[in-house]
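Student: Line order of the protein sequences matches chains A and B.
Here the first sequence is numbered in the numbering used here, starting from 1 and rising by one per residue.
Here the second sequence is numbered in the numbering used here, starting from 286 and rising by one per residue.
Bear in mind the hints are in silico, worked out from the structure with no lab data behind them.
Check the hints yourself; a few may be wrong.
A few chain A residues that face chain B, going by a derived Cβ cut-off under 7 Å, partial list only [what the hints assert, rightly or not]:
#1 N18
#2 V21
#3 S55
#4 P219
#5 N220
A quick note: this is a predicted structure, and the numbers were derived from the prediction, not measured.
Ideal Cβ positions, reconstructed from N, Cα and C, are used throughout, including at glycine.
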Amino acid sequence: MRRSTLFIPGNNPAMLQNADVFGADAVIFDLEDAVNITEKDNARNLIHYYLATHSNLPMEVVVRINGLDTTFYQKDLEAIVSDNIDTIMLPKARVEYLVKLDEILTRLEKERKLTKKIKVLPIVELAISVLEVNEVVKCPRVDGVLLGAEDLSSDMEVTRTKEGKEIQYARSAVAMACKAYQLDAIDTPFTDVNDPEGLCKDCGNAISYGMNAKAAIHPNQLDTINELFLPTEKLITWALRVEKATAEYAAKGIGVFSLDGKMIDKPVMERANKILVKARKFGAI
Amino acid sequence: MNKNEFVNTLPKFSGANEYKKVERKLVNKKATSSTVKFLKSMPEAFDELKISDGMTLSFHHHLRNGDYVQNMVSEEILKRDIKDLHYAPSSIFPTNEILCKLIENENVTTIDTNYLNGPVAVTIGEGKLKNLLYLNTHGGRPRKIESGELPIDVAFIACPTVDKNGNGYGGKGNAACGSLGYAHSDLEYAKKVVLVTDNLVDKLDRVELDGKYVDYVLVVDSIGDANGIVSGTTKITRDPVGLKIARNTAKLIDELGLVKDGMSMQTGAGGTSLAVAACVKDYMIKKGVKGSFASGGITSYFVDMQKAGLFDELKDVQCFDIGAVESYNTNPSHHGMSGSKYGNPYDDPVVDYLDFVILGATEIDKDFNVNVATDSYGKIMGGSGGHSDTAHGAKVSIITTNLIKSRLPIIKEHVTTITTPGEDIDVLVTERGIAINPKRVDLLEKLKDSKLPLKTIDELYDLALSITGVPNTLPTHNDVVGVVQYRDGTIIDKLYKIY
Numbered sequence: 001m002r003r004s005t006l007f008i009p010g011n012n013p014a015m016l017q018n019a020d021v022f023g024a025d026a027v028i029f030d031l032e033d034a035v036n037i038t039e040k041d042n043a044r045n046l047i048h049y050y051l052a053t054h055s056n057l058p059m060e061v062v063v064r065i066n067g068l069d070t071t072f073y074q075k076d077l078e079a080i081v082s083d084n085i086d087t088i089m090l091p092k093a094r095v096e097y098l099v100k101l102d103e104i105l106t107r108l109e110k111e112r113k114l115t116k117k118i119k120v121l122p123i124v125e126l127a128i129s130v131l132e133v134n135e136v137v138k139c140p141r142v143d144g145v146l147l148g149a150e151d152l153s154s155d156m157e158v159t160r161t162k163e164g165k166e167i168q169y170a171r172s173a174v175a176m177a178c179k180a181y182q183l184d185a186i187d188t189p190f191t192d193v194n195d196p197e198g199l200c201k202d203c204g205n206a207i208s209y210g211m212n213a214k215a216a217i218h219p220n221q222l223d224t225i226n227e228l229f230l231p232t233e234k235l236i237t238w239a240l241r242v243e244k245a246t247a248e249y250a251a252k253g254i255g256v257f258s259l260d261g262k263m264i265d266k267p268v269m270e271r272a273n274k275i276l277v278k279a280r281k282f283g284a285i
Numbered sequence: 286m287n288k289n290e291f292v293n294t295l296p297k298f299s300g301a302n303e304y305k306k307v308e309r310k311l312v313n314k315k316a317t318s319s320t321v322k323f324l325k326s327m328p329e330a331f332d333e334l335k336i337s338d339g340m341t342l343s344f345h346h347h348l349r350n351g352d353y354v355q356n357m358v359s360e361e362i363l364k365r366d367i368k369d370l371h372y373a374p375s376s377i378f379p380t381n382e383i384l385c386k387l388i389e390n391e392n393v394t395t396i397d398t399n400y401l402n403g404p405v406a407v408t409i410g411e412g413k414l415k416n417l418l419y420l421n422t423h424g425g426r427p428r429k430i431e432s433g434e435l436p437i438d439v440a441f442i443a444c445p446t447v448d449k450n451g452n453g454y455g456g457k458g459n460a461a462c463g464s465l466g467y468a469h470s471d472l473e474y475a476k477k478v479v480l481v482t483d484n485l486v487d488k489l490d491r492v493e494l495d496g497k498y499v500d501y502v503l504v505v506d507s508i509g510d511a512n513g514i515v516s517g518t519t520k521i522t523r524d525p526v527g528l529k530i531a532r533n534t535a536k537l538i539d540e541l542g543l544v545k546d547g548m549s550m551q552t553g554a555g556g557t558s559l560a561v562a563a564c565v566k567d568y569m570i571k572k573g574v575k576g577s578f579a580s581g582g583i584t585s586y587f588v589d590m591q592k593a594g595l596f597d598e599l600k601d602v603q604c605f606d607i608g609a610v611e612s613y614n615t616n617p618s619h620h621g622m623s624g625s626k627y628g629n630p631y632d633d634p635v636v637d638y639l640d641f642v643i644l645g646a647t648e649i650d651k652d653f654n655v656n657v658a659t660d661s662y663g664k665i666m667g668g669s670g671g672h673s674d675t676a677h678g679a680k681v682s683i684i685t686t687n688l689i690k691s692r693l694p695i696i697k698e699h700v701t702t703i704t705t706p707g708e709d710i711d712v713l714v715t716e717r718g719i720a721i722n723p724k725r726v727d728l729l730e731k732l733k734d735s736k737l738p739l740k741t742i743d744e745l746y747d748l749a750l751s752i753t754g755v756p757n758t759l760p761t762h763n764d765v766v767g768v769v770q771y772r773d774g775t776i777i778d779k780l781y782k783i784y
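If we strip away everything but chain B, and leave its shape as in the complex, we get:
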């Protein structure tokens, strides 16, 4: 069976709420142990763990583009020429370029991840991965692991500080990255767990990764480059188009009655998202509102809002900048959470308690379907991450994007790749107008007297094309290289080889 035929045998997406009809599937967590073995080198780890052809190895991406651990493992695989491995990192960044060689040599033949960009994405797009790329969501990955759909043989968990009992913590050490939320499922469900650290201490006061699940600790010189792990600061955009979008978004949020005591919100770390947060903050202060929580990847901006008393707590699955890491270490109201608690549809996730979420889009279509996985050529350049999870969970999901980026209209007749279904997208805010998903009659009713520039998505589409003209459609390749898995595991779209 070739890849195209195989993909057609996988369960297809049939609705964002269909998971509710299926009972949660849980396999047993791994056995716990009170002992942990210390390893001195990666070769020793490979020998000890008997890493061999066909195994599944997992990693997390909290060290982002500063990660050394996945690369260390990859180098050892390359030396030993182990074949047909299944890699399951929570994300893949440009720094993981060595994985391209492993793909080309068929050392790695299947990949599960939630987000990828850079050379590995290009290599997969060129059709070089023997089997499939499964592009999951941040909530879908833990669901896939806990259900046994993604059994992990060995989890290599980079951990900035580890104690002698095998407990781990991400907030301290040379490669401190804060919350290690995406590693929790790997820790609890992988057959074998190796914490890889460059900072071994006698005893940790605060533990995030419980040593009872840890089989091995591997101490290395360095697990990552601090400069690539966190950005110094994340900044509000100065771009006037982005600011206009942000101001209108905040106005909309206010008019929808979402700025109220107990409110909860999430935004990304991009400049426009932070500008929305800044504008919402102004409304909160003006109205004397105190929110319950802000969640997601946490930035300094939200840390400052929480410190200013605008939120009771921060729920943090990953820290985006140094300020967030510092807060994670010192602020008792800054709580870590697992990827499962964040977005797993079966884990009563935090996303289900969000009043609103601000999300981006590389494309959106007239049915409000959103693409954040590929560009309009079909080239892989991202992935859902928490997009689909938060869009489904939040009471109001808002896409903010320029209507036209450079010369290209962002609204399409049909998006190149669906990552988040239109049924979960409520609002699109652009610099030239705001479109409400007609399914959200309640929102339209609330906005019936609004002076905001409300338009239908068809009107915005026509407006965009009147400026840009109709872009030529490109010929597409028929060879499937991967699939986009919705958070319930069904296939919402396919990824194709690019020319």
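Isolated chain A, as found in the complex:
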């Protein structure tokens, strides 16, 4: 369960050193788009040694490798697969690539005697991936999906806007597929780092479609994202009342009851529970 993920270029030592301090629920060390082709080796080495030696790693360590349609991904995986990482982010995800990635990870985990199973976060950023998203979420290791609107807009030959009308369908598709399998639906980054109001609006849009987390491209975006992707105080208060009333009625053997004139049944209790789980995980209660 995440609210925020933060991209950090894999070849920037100063940013790596502080990766754990910004409060991102997951930090994505990037080997793909943020790293120039001439810097790939440096970035792999830097991330490898950072993960091996740094005593304070982020809550979740994600590494974005280069796509399986490139010649870089094998070296990426060779360099970074270890118990120090939690998740691989796969760009331009397709079902066939996810299956292949699972095979490679299974082999590396066995060879390196890893003590945990590495998760995968696919990026849906091609039109074909949007069409495949219902299958993508069923692939092994998939723990959530990131919507990548910049590449998707390019693939769709549409202009990317702050309002985001052009990604309405993709947002809905990703959110629906993820919710169906209880995975994180992670919204695309808001790329104007100097527009805090725009970021707020964009978060609101994403939430309204059912996205439950958002990627950040700058640490200064994290406070806003973390705050907005937490349930509101009003919702938490309501959920706490539902939780309390549920326990009280359950003690009397009553499963459905009324609160403030509204029926509280199993789906409502489950919604209240989800709100409280998230609020408790991130210290809002």
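Fit chain B to the supplied structure of chain A, relying on the hints for placement.
Tutor: For chain B alone, coordinates are given in the frame of chain A:
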């Protein structure tokens, strides 16, 4: 007696409150006069004032890195090869590089200042100053002057505008710099006072430097480069680490109950300090709080806060940017103050009325001692300025700094040079946690239910070292080049020659 032996004869620091046991010492102010003599050139000034070997000359640093006046005097000294002078500028900047020659030639053999960086600091660090560098505080310097411990023969006071009666004002003129707070003690106590200006007017409507203390006015082509005097703007940091520190600092200030009606505060002009001010401003607006005053070096940011009704007044010892200078000229609630009124422990100073102050540190140690004078090699790169004064006076003194800068941990077992004693530092805020000085039991009690990332300073130290490893210790030189004088005049630490 060599320098090392001499330093050992000076009174040692034994506590930040010890000055209270000693009565204020005041020598007579200089004689006043209703006449002022106008000079046409620096050589004429030297002849008239009979500047000779062994004298003490003082300057202020309000023109900062745009200052021409100290350099003009230095050039004349170099031409005349006057020896064994004692220089007492309130600060020294890279633009004052000519002073290096004077040091090497033994024209200047002793220096009193509150802050220095650049080539002069390097030259002194190389052990080239014959006698000692006395590194004072902004409040300690006026105390030293008024007590007669630092008698000044001639004060050369750069003044952006002077009238025909010898009155001076800093807010107008080609080299306008705003408040001239650090020059007041020199004006009132130097044996002779020369105002050096490039803007002579018939009559000033507003006077900061009273002509009755002025003996001479020297009119020159230019007293300074406006570009070096004030920065165009001072800006809030965009650095995410600095912003995180700022947000947590403001949260802490709020949780300590310091955001309240009548509150008073001071921050530096650095990006993180201004970010703290911005976050505190948000709390003030949210709570509908109106503060009493903001003080110190004033920036546009505080000018805007005051204009927005968040403070009754600004107490300004020096203006940091153009916006502050403009406000100083036009805003009736923007008041200048002398360096003595700002920080002199015996002058009921403004710092004693601060609720909190935000300060920086180049190093801090496990006893909360702070170094702002040298880097970890011992190389001189700053000085207390108002650090020790505000840290002592404010009810809560807060150090904001990165726990790690580049590859170096900022918390040390022992700082290289103590400038501000740990007993005067209450809180350390870093990006990886907040440490409260255990002596401040009251603050710890207020924060007992806080969700802020509170840690002990030992925990932060261990955390820093777990990331950086243990830095090698460097061999140190034993030759003393200067002393750090606490605001009461006692020696809190020594400055050593560097390799």
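Student: Compare the structure with each hint and give your call.
Tutor: Right, here's what the structure says about each hint:
1. The beta carbon of N18(A) comes within 6 Å of a beta carbon in chain B, closer than 7 Å, and the hint placing it at the interface holds.
2. Because the smallest distance between the Cβ of V21(A) and any Cβ of chain B comes to about 5 Å, under 7 Å, the interface hint for this residue holds.
3. Checking S55(A) against chain B: minimum C-beta separation of about 4 Å stays under 7 Å; hint holds.
4. For P219(A), the shortest C-beta to C-beta distance to chain B is roughly 3 Å, which falls under 7 Å, so the interface hint holds.
5. Checking N220(A) against chain B by beta carbon gives a least distance of about 5 Å; that is within 7 Å, so the hint holds.
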